[in-house]
Amino acid sequence: MQFVTQSTFDGTRLAVLDEGAGPAIVLIHGVLLAKETWDAQAAALARHARVVRIDLRGHGASGVPPGPYLMETLAGDVLDVLDALGIERATIVGHSLGGYVTFAFYRMFAERCAALGFVSTRAAADDAAAAAMRYELAARIEADGTAPSVADFVNRSFAPEVYRERPDLAERLRAVIERTDPRGAAAMLRGIAIRVPSDDLFAEIDVPVRIVAGTQDALIPFACAEEMTRGIPGAELDVLGCGHVPLYEAPDSVTASLERLLAASTARR
0 MQFVTQSTFD GTRLAVLDEG AGPAIVLIHG VLLAKETWDA QAAALARHAR
50 VVRIDLRGHG ASGVPPGPYL METLAGDVLD VLDALGIERA TIVGHSLGGY
100 VTFAFYRMFA ERCAALGFVS TRAAADDAAA AAMRYELAAR IEADGTAPSV
150 ADFVNRSFAP EVYRERPDLA ERLRAVIERT DPRGAAAMLR GIAIRVPSDD
200 LFAEIDVPVR IVAGTQDALI PFACAEEMTR GIPGAELDVL GCGHVPLYEA
250 PDSVTASLER LLAASTARR
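In case it helps, numbering that gives the first Met the number 0 puts the sequence shown at residues 0 to 268.
By construction, these hints were calculated from the structure, which means they are not laboratory data. These numbers come from a predicted model, not from an experiment. One should not assume that every hint holds.
Stated by the list, open to error - Label pairs and their in silico Cβ distance ranges:
#, residue 1, residue 2, range
1, ALA128, GLN215, 37 to 47 angstroms
2, LEU78, PRO196, 17 to 27 angstroms
3, GLU258, ALA127, 20 to 30 angstroms
4, ALA131, THR265, 38 to 48 angstroms
5, ALA128, ALA20, 45 to 55 angstroms
6, HIS47, ALA109, 18 to 28 angstroms
Don't be surprised by glycine CBs; every beta carbon is placed ideally from N, CA and C.
Work out the full structure: start from the sequences and follow the hints.
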């Protein structure tokens, strides 16, 4: 495993984990989270693939420049990392917010994509009410820090039985969120609120696509995954009986899905 820092086009320092060898796969985390949320999947995939994980700007160990952080800016950050590592094409996978970044990356740099993976995410943009809630949350986090908002996010991240049977998962998630810089969290929330919809891309996506979604996701309706699967030619849907963070709740199932996606990407080369 190699830990590196990479400067982006605007001088922001990004924390990056680069491990394994083989076809490249980039794993992009969700809002308020960090690259460590992919630990279980990265450990398995790195046995036969080159796994790149990035702390998005404002999150984890990366720098915290002024916001808002547009999805296009984040996609540019991913490109800068790939260029610095000498990776021409990669499978790009995003969880939640990471899915928004994955769509933006394909829109801007389709020729660099070997395949696309979407975990607990959607293509639609925020409506006015959802955007207003993000702006309100951003202001609250700037004023009071992330701690007051942690409980609400954590309490909606897993299937109900997880809180009874696996409380350790909630605590793991809580610990990651509490480390997120409030300035970065607020800047990211404002960027998410003004993102553009991505369903216009569906018909032109011509690489393998795999979608992972939980039927008990309280943050992004399962119907969003079904809509993406119907709209993207050849897309495959893996249905899990879990909540919004299958990376923790169903780690082996997510890994298996990504294994299938990598296999599809290499078969087309």
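Check: Broken hints, numbered, in rising order?
Finding: Result: hints 1 and 3 break, sorted rising.
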